[in-house]
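Peer 1: Listed in order, the protein sequences are those of chains A and B.
The numbering of the first sequence is the numbering used here, which starts it at 18 and goes up by one.
The numbering of the second sequence is the numbering used here, which starts it at 461 and goes up by one.
Among the hints, a few may not be true.
Cβ pair distances, simulated, as ranges [stated by the list, open to error]:
1. Arg712/B with Pro238/A: 37 to 47 Å
2. Ala578/B with Pro175/A: 51 to 61 Å
3. Glu523/B with Ile239/A: 16 to 26 Å
4. Gly686/B with Ser214/A: 37 to 47 Å
5. Glu538/B with Ala311/A: 50 to 60 Å
6. Ala265/A with Gly607/B: 50 to 60 Å
7. Gly521/B with Arg221/A: 17 to 27 Å
8. Ser644/B with His45/A: 48 to 58 Å
9. Asn489/B with Asn216/A: 23 to 33 Å
10. His45/A with Glu523/B: 24 to 34 Å
11. Lys316/A with Glu538/B: 51 to 61 Å
Some, not all, of what chain A presents toward chain B, calculated at C-beta under 10 Å [as the list claims (entries may be wrong)]:
12. Glu46
13. Gln49
14. Val80
15. Ser81
16. Gly233
17. Lys237
18. Pro238
19. His287
20. Asp289
Simulated from the structure, these hints should not be mistaken for laboratory data.
Where is the CB? At the ideal position from N, CA and C, for every residue including glycine.
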Amino acid sequence: MQMVDLSVRIGSLALKNPVMPASGCFSHEFGQVFDLDRLGALVTKSVTPKLRKGNAIPRVAEVSQGMLNSIGIPSKGILHYVNDVVPLYAAYSSPLVASVSADTVAEFADAAAALSVPGVAAIEANISCPNLEADGRAFAMMPDTTRAAVAAIRRRTPLPVWAKLTPNTGDIKAVALAAQDAGADAIVVANTILGMSINVTTFRPTLGNVMGGLSGPAIKPIALRLVFQCAEVVSIPIIGCGGISTGADVVEFMLAGATAVQVGTASFIHADAMMRILEELRAFCDARGIDRVADLVHKARVEHEPIEW
Amino acid sequence: MSIAQPIHAPADFPVADVQCTVRANRAVNDRYRHLVLEAPPPLCRATPGQFFHLLCPPAAGDEPFLRRPMSVYRIAPEERAIEFLYNVVGAGTRALARLTAGDTMSVMGPLGVGFTIAPAHRHVLMVARGVGLATMAPVVPWARRRGIRVTAVLSARAPEDLMEREFTQREEVRVYPVFDRDASSDVGRVETLLRAILDQDRPDAMFTCGSNRLMTLLQRLGLEYGVPGEIALEQQMACALGVCLCCVRPIRAGGAIVHKRVCCEGPVFDLQQVAGTWRHG
Numbered sequence: 018m019q020m021v022d023l024s025v026r027i028g029s030l031a032l033k034n035p036v037m038p039a040s041g042c043f044s045h046e047f048g049q050v051f052d053l054d055r056l057g058a059l060v061t062k063s064v065t066p067k068l069r070k071g072n073a074i075p076r077v078a079e080v081s082q083g084m085l086n087s088i089g090i091p092s093k094g095i096l097h098y099v100n101d102v103v104p105l106y107a108a109y110s111s112p113l114v115a116s117v118s119a120d121t122v123a124e125f126a127d128a129a130a131a132l133s134v135p136g137v138a139a140i141e142a143n144i145s146c147p148n149l150e151a152d153g154r155a156f157a158m159m160p161d162t163t164r165a166a167v168a169a170i171r172r173r174t175p176l177p178v179w180a181k182l183t184p185n186t187g188d189i190k191a192v193a194l195a196a197q198d199a200g201a202d203a204i205v206v207a208n209t210i211l212g213m214s215i216n217v218t219t220f221r222p223t224l225g226n227v228m229g230g231l232s233g234p235a236i237k238p239i240a241l242r243l244v245f246q247c248a249e250v251v252s253i254p255i256i257g258c259g260g261i262s263t264g265a266d267v268v269e270f271m272l273a274g275a276t277a278v279q280v281g282t283a284s285f286i287h288a289d290a291m292m293r294i295l296e297e298l299r300a301f302c303d304a305r306g307i308d309r310v311a312d313l314v315h316k317a318r319v320e321h322e323p324i325e326w
Numbered sequence: 461m462s463i464a465q466p467i468h469a470p471a472d473f474p475v476a477d478v479q480c481t482v483r484a485n486r487a488v489n490d491r492y493r494h495l496v497l498e499a500p501p502p503l504c505r506a507t508p509g510q511f512f513h514l515l516c517p518p519a520a521g522d523e524p525f526l527r528r529p530m531s532v533y534r535i536a537p538e539e540r541a542i543e544f545l546y547n548v549v550g551a552g553t554r555a556l557a558r559l560t561a562g563d564t565m566s567v568m569g570p571l572g573v574g575f576t577i578a579p580a581h582r583h584v585l586m587v588a589r590g591v592g593l594a595t596m597a598p599v600v601p602w603a604r605r606r607g608i609r610v611t612a613v614l615s616a617r618a619p620e621d622l623m624e625r626e627f628t629q630r631e632e633v634r635v636y637p638v639f640d641r642d643a644s645s646d647v648g649r650v651e652t653l654l655r656a657i658l659d660q661d662r663p664d665a666m667f668t669c670g671s672n673r674l675m676t677l678l679q680r681l682g683l684e685y686g687v688p689g690e691i692a693l694e695q696q697m698a699c700a701l702g703v704c705l706c707c708v709r710p711i712r713a714g715g716a717i718v719h720k721r722v723c724c725e726g727p728v729f730d731l732q733q734v735a736g737t738w739r740h741g
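Let's have the full structure, built from the sequences with the hints guiding it.
Peer 2: This is the structure we're talking about:
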């Protein structure tokens with residue numbers, strides 16, 4: 018039996034398979050549980066130019082089929098990342114993707130330049146974070162701030178740039194197009210959905226930061242819809258992200274238009290979730306006689322054009 | 461007897477995620493239950509104070525999404541067993557309570573940093589409150605096997621909640637029970653008791669778990685008497701491997717207060733380094 022070809026291309030970057038971790042849900046500690054070299058790429062937690070302590074505790078709360086988190090991007094800065102984090106991944110052949118976040122367009126650009134060092138294969142711009150020049154609204158909530166941030170990063174790095182979009186926008190297609198126009202090599206769709214919960218015994222919000230990001234299977238249909246909408250308008254690869262926890266979920270996202278996927282919360286339930294997902298994806302392709310997983314991309318059989326709400 | 465099968469646990473990966481079979485799951489008293497799991501050797505490598513991350517199977521309306529970190533109550537390699545004492549307080553422990561012998565559940569571990577007992581120790585003092593007693597219990601046989609004397613102050617709401625036998629496990633331990641019901645667990649009275657112990661038979665180390673008020677008291681007495689100590693902390697967790705940064709607590713380090721991860725830099729910390737108390741729930 019011929020082996021299924023799981024490889025995919027994200028622009029100039031060839032990945033051995035389409036499964037990679039979501040930023041914030043991965044670090045080298047997973048090497049205690051499985052061989053990190055089996056992953057399509059290694060995406061690290063967002064690093065910021067400013068040192069950050071992170072948010073108040075509790076930082077996590079459970080909800081139905083998902084979790085809320087508000088970690089607050091604790092960061093030891095770009096230099097620490099370049100000097101102490103990048104070398105941790107030198108032994109692995111899977112490409113290292115450095116996620117970066119910043120308060121302003123200029124800081125984003127400077128940080129992307131500083132992160133463009135040997136050992137880093139791509140920059141993921143986490144533009145889902147608050148923009149201090151726009152009353153704290155996330156860059157990726159609006160096309161113009163998306164365009165400004167991605168264009169500034171694009172000018173300062175020779176590496177592929179992935180723009181990580183937020184679901185907390187009313188116009189995902191316009192935001193995705195803005196990222197593409199500004200020179201992004203790929204878009205990651207999407208990030209956590211802003212939410213909150215309150216303990217009815219104590220009347221206190223469950224998170225120290227009151228509001229936080231919802232993730233897990235609870236958000237999968239929303240993330241899938243966002244991928245589908247983006248795939249209708251962009252020509253650059255889409256990396257799907259949101260509630261993926263099985264091989265069938267990967268197939269679903271690829272059919273909707275994703276070329277690769279990121280897995281986050283599922284790795285907190287089973288640390289080796291990405292290994293299980295890869296095995297399930299391979300088994301699916303075997304069972305369906307699919308030779309190349311890339312053949313699944315954007316192959317959803319849509320028989321009637323959906324009405325846009 | 462079925463043998464627990466590793467799901468993905470090659471020998472070169474130190475943390476195992478294993479589907480374990482339940483051997484027993486019984487009520488100890490009105491509030492606490494005792495869970496015994498069949499455990500292969502990698503899980504029995506646990507040391508006192510370490511914990512396991514339990515995936516509680518959905519049961520009767522409870523669908524716990526995240527795993528639950530639970531410190532190990534008893535480690536029995538010769539019986540291929542790990543055991544837990546737990547209080548039924550929420551969706552996770554309600555689901556746990558419904559497991560019966562023969563059921564299986566996913567167990568990841570052992571995880572975290574446990575208690576440190578130096579070879580030179582001759583006498584240790586343990587101060588436990590409520591379910592914190594379960595976290596500290598494995599220190600007892602561990603210390604007794606090394607000829608270390610154990611004195612324990614066990615604090616509970618009422619005598620029927622105190623799991624003295626579960627704590628001592630037939631080992632020789634000098635136990636001072638204190639209760640809310642007769643006010644003997646008041647911090648002032650516990651302080652008098654601890655001062656008497658420290659004055660008459662000073663321990664080489666103090667271990668505690670389960671109460672902010674007892675932690676603050678032991679920090680003060682530890683400094684005054686020059687006795688080092690350790691405390692096992694708890695915190696809401698997601699990954700339990702040091703990845704997600706959810707479970708941090710403020711800890712003193714090098715003149716500053718920093719966030720340390722309870723899952724992998726704890727759950728056992730130096731008593732004097734824990735900064736501030738924590739409100740649960």
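Peer 1: Now tell me if each hint is right for this structure.
Peer 2: Results of checking the hints against the structure:
1. Arg712/B with Pro238/A: 37 to 47 Å: Since the Cβ atoms of Arg712/B and Pro238/A sit about 46 Å apart, the hinted range of 37 to 47 Å holds.
2. Ala578/B with Pro175/A: 51 to 61 Å: Holds: the Cβ-Cβ distance is about 54 Å, inside 51 to 61 Å.
3. Glu523/B with Ile239/A: 16 to 26 Å: holds (20 Å)
4. Gly686/B with Ser214/A: 37 to 47 Å: holds (45 Å)
5. Glu538/B with Ala311/A: 50 to 60 Å: holds (53 Å)
6. Ala265/A with Gly607/B: 50 to 60 Å: holds (57 Å)
7. Gly521/B with Arg221/A: 17 to 27 Å: Holds, since Gly521/B and Arg221/A (Cβ atoms, about 24 Å apart) stay within the stated range.
8. Ser644/B with His45/A: 48 to 58 Å: holds (49 Å)
9. Asn489/B with Asn216/A: 23 to 33 Å: Given about 27 Å between the Cβ atoms, the range holds.
10. His45/A with Glu523/B: 24 to 34 Å: holds (31 Å)
11. Lys316/A with Glu538/B: 51 to 61 Å: holds (56 Å)
12. Glu46: At 4 Å from the nearest chain B Cβ, Glu46/A passes the 10 Å test, so the hint holds.
13. Gln49: holds (5 Å)
14. Val80: holds (7 Å)
15. Ser81: With a closest approach of 7 Å, the Ser81/A hint holds.
16. Gly233: holds (7 Å)
17. Lys237: violated (13 Å)
18. Pro238: violated (17 Å)
19. His287: holds (6 Å)
20. Asp289: Holds, because the Cβ-Cβ distance from Asp289/A to chain B comes to roughly 5 Å (cut-off 10 Å).
This entry does not satisfy hints 17, 18, going by the numbered hints stated previously.
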